[in-house]
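J.: So the protein lines, in turn, are chains A and B.
If you read the first sequence in this note's numbering, its first letter stands for residue 8, the second for the next number, and so on.
If you read the second sequence in this note's numbering, its first letter stands for residue 8, the second for the next number, and so on.
Hints are computed from structural coordinates only; laboratory data are not their basis.
Computed from a predicted model, the values in this text were never measured in an experiment.
Do not take every clue at face value.
The list treats identical chains as one, so a pair stands whether inside a single copy or across any two.
Stated by the list, open to error - In silico BS3-like pairs for lysine-lysine, Cα to Cα no more than 25 Å straight-line:
no.	residue 1	residue 2
1	72	169
2	62	169
3	62	20
4	62	22
5	111	88
6	111	62
7	88	62
8	22	88
Number of protein chains: 2
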Amino acid sequence: MLDIINSRRSVRKFKTDPVSEQDLTDILEAAMNAPSAGNEQAWQFVVLQGETLQKYLAINNNAPKGAPVGILVCQDLQAEKYAGFAVQDCAAATQNILLAVHAKGLGSVWTAVFPQNVADVRTLLALPEHITPFAFVPIGYPAATPANRSSRYAAARVHHNKW
Amino acid sequence: MLDIINSRRSVRKFKTDPVSEQDLTDILEAAMNAPSAGNEQAWQFVVLQGETLQKYLAINNNAPKGAPVGILVCQDLQAEKYAGFAVQDCAAATQNILLAVHAKGLGSVWTAVFPQNVADVRTLLALPEHITPFAFVPIGYPAATPANRSSRYAAARVHHNKW
Numbered sequence: 008m009l010d011i012i013n014s015r016r017s018v019r020k021f022k023t024d025p026v027s028e029q030d031l032t033d034i035l036e037a038a039m040n041a042p043s044a045g046n047e048q049a050w051q052f053v054v055l056q057g058e059t060l061q062k063y064l065a066i067n068n069n070a071p072k073g074a075p076v077g078i079l080v081c082q083d084l085q086a087e088k089y090a091g092f093a094v095q096d097c098a099a100a101t102q103n104i105l106l107a108v109h110a111k112g113l114g115s116v117w118t119a120v121f122p123q124n125v126a127d128v129r130t131l132l133a134l135p136e137h138i139t140p141f142a143f144v145p146i147g148y149p150a151a152t153p154a155n156r157s158s159r160y161a162a163a164r165v166h167h168n169k170w
Numbered sequence: 008m009l010d011i012i013n014s015r016r017s018v019r020k021f022k023t024d025p026v027s028e029q030d031l032t033d034i035l036e037a038a039m040n041a042p043s044a045g046n047e048q049a050w051q052f053v054v055l056q057g058e059t060l061q062k063y064l065a066i067n068n069n070a071p072k073g074a075p076v077g078i079l080v081c082q083d084l085q086a087e088k089y090a091g092f093a094v095q096d097c098a099a100a101t102q103n104i105l106l107a108v109h110a111k112g113l114g115s116v117w118t119a120v121f122p123q124n125v126a127d128v129r130t131l132l133a134l135p136e137h138i139t140p141f142a143f144v145p146i147g148y149p150a151a152t153p154a155n156r157s158s159r160y161a162a163a164r165v166h167h168n169k170w
């Protein structure tokens, strides 16, 4: 488990091989088993494939192209009980997605939905006003093994009882 | 790995047994191997023990008492390259902490640092202005095995190509 956490890398080049429905369901289950503020579960997920995926990528062009599928993680502001915490719920769910993807030998990268693109994404996917796109995670088999890097552990970022 | 993600539960009652330094280091390494926006790593960690831990818990009394140690995850606003994204970095790091803890047979719970308590926490720990406490995670051996619950997977939260 620690190895999965520590060996995860961002993957931005993908094979065209499809991702199975079972894998997608397992990944979404991992997402929804994240913790959330007061168990509010202020998240929703839109699976993007085919033509819609291509249209999404034309709007949010910070996300890499080439993956056969992607998950758009969205804040559900109607489910949010604690103002501002849907972001934290969605971030925890997104991190679970990345780890579940990596555990399956698939690859992904966490990409932001920039504020200036939210309106266009909302229109493309017919999202209601209480649903705010949060992050997009393309998923596919890696086209190459990402280079190893050393651990990011930095002792200077660890403090004991005071700064 | 999926089992670790799906079987994680919030633990709020702890044994007094100490957490080893090696376990703490491994947990902090997992935290720092989270992804972050443009690899900004806008996080810092304060390990709280002993008297300081008790003082912290008197301020932020939403966190359970009884754990021998805890990690305060903080936003580092000097390291933040993309405004607002330190929260996402810290949430991903916090989720890695919860998973690493669970993988080791330890227990934890993600607790919020409420805005009204930030100033007092800052004073207690001598945090500089650019360091904002984000979440506190008490860590210890669980005093009891949390009850099983069914998976939170909810098909109604999965949408395909449009809402």
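J.: Now, for every hint given, state plainly whether the structure supports it.
T.: Hints versus structure:
1. 72 / 169: between (45 Å within a copy, 19 Å between copies)
2. 62 / 169: between (49 Å within a copy, 12 Å between copies)
3. 62 / 20: within (18 Å within a copy, 49 Å between copies)
4. 62 / 22: Close inside one copy (19 Å), not across copies (53 Å); limit 25 Å.
5. 111 / 88: Close neither inside one copy (33 Å) nor across copies (31 Å); limit 25 Å.
6. 111 / 62: neither (27 Å within a copy, 43 Å between copies)
7. 88 / 62: neither (33 Å within a copy, 28 Å between copies)
8. 22 / 88: neither (40 Å within a copy, 31 Å between copies)
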